[in-house]
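Please take these sequences and the hints and turn them into a complete structure.
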Amino acid sequence: MSRVHDMGGRFGDGPVQPAAEDAPVFSQDWQGRALAVTLAAGALGQWNIDTSRHARERLSPEDYTRFSYYEKWMAGLAMLLVETGVLTPEDLATEDLATGDAAAHDGAGTGAGDPAPHPLAARALKASDVAATLAKGGPAARDSGVPVAFAPGDVVRCQRPAGNRFVDGGHTRLPAYAVGATGRILRVHGTYVLPDSAAHGLGEAPEPLYAVAFAASELWAAPEHPGDEVVLDLWQGYLEPVRIDAG
Amino acid sequence: MPHDHLDHPHSLLPPVPALRVKALETILTNKGLIDPAALDEIIDTYQNRVGPANGARVVARAWSDPAFKAQLLADAGPLLDDLGFSGRQGEHVVVVENTPELHNMVVCTLCSCYPWPLLGLPPAWYKSDAYRARAVREPRKVLADFGVSLPQDTAVRVWDSTAELRYLVLPMRPEGTEGLSEDQLAALVSRDSMIGTAVLSPPAEVAP
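These protein sequences, in sequence, are chains A and B. Residue numbering for the first sequence follows the numbering used here, starting at 70 and increasing by one per position. Residue numbering for the second sequence follows the numbering used here, starting at 25 and increasing by one per position.
Hints listed in this document are in silico derivations from the structure and should not be mistaken for laboratory results. Watch out, some of these pointers could steer you wrong.
[What the hints assert, rightly or not] The list that follows gives simulated cross-link-like pairs (lysine-lysine, DSSO-like), each with its CA atoms no further than 27 Å apart:
1) B:Lys151 <-> A:Lys205
2) B:Lys165 <-> A:Lys205
3) A:Lys205 <-> B:Lys93
4) B:Lys165 <-> A:Lys195
5) A:Lys205 <-> A:Lys195
6) B:Lys165 <-> B:Lys151
And the structure:
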């Protein structure tokens, strides 16, 4: 069983609402702040892309569904800050912050009574480093000792049941809609960090990653068109070979 | 470990989103963990500097230069590095080409993965539950929501970007654009055409 974020193929969501190409990037100013706080806090180096995705995925289905995109980011960030010990629940609950009035806190607010600098303060992202940090990003390709098992054209089947094999309910990238489905290797991407491991502090465990093509008829009861396909990026451990009987 | 049973830390913050963000920013700033000037710089980057114009330049170059296009489709990384269009959320990019036989379309059902250095931040619809849920199962009905109808003999290939690869669609070059410069071509390329939810029309001034 997966989590609320795993919604590919779900029925009932209604029409997509296209937007003008020149619509504002942030429809409200706080959304830009939420993005920036999240990226800047990430630069402290206390979590990776997989832990942060898993934090958002662990929101309760009720919260995940009612929160807008950047509200999910805020909730995930609060979770990460507390779980990694960067902040304490008491830090977050500071009562005079309930107004969100930053002006009331210049130097005398949460920092008061805690004169020692935060041990991570030296890592704070500086404005002059933003461009370089964004340009560097976080590449996920890694050398790996795991041999590449499949080549383009090979037929494979997705593992069943789906789910993280290290941690029950843990982070994984095999969507529920592809569980047990048979497809063919379209592209060998190389070897990449395995999110199922990296999300849980179990190491990067890099292994081969493939683009795997599935006929729409393999995934959906009423496919729209016989030629349509869905391609997923899947790690080698999610896949098993399917022997094609020549005879 | 999935700490499902911890109290939800976000519930300690103010309920109104704008105040919640401000509270987090204030707490982190007071502890010296973030610098508001760096936040301004990040916002300015994605609001004003990085957007679909980058992807459009890549598309226009591919339409104009067959060798560039061949390299772009084979291994986009080095070309995008040279153009300065790599980095966060675009560390590993795959470019997929639309043809009369095959229409490509990109979604991220699990999250909202998107090639930031090429297209900027994703539009609201790309992050919506409706797009994430429906694009893989009924791409043609989703395309209809965008006013797009494909010929019956065009297959649809939906790329669900479940890993750290980011996908950019190379749309088909519209008819009647043979004499245009790269800059003129880039101006024709819409964001949605590079996600695969739009098909480009001939420019009005050269349309028959």
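(request) Sort out which numbered hints this structure fails and list those numbers smallest first. (result) Violated: hints 2, 4.
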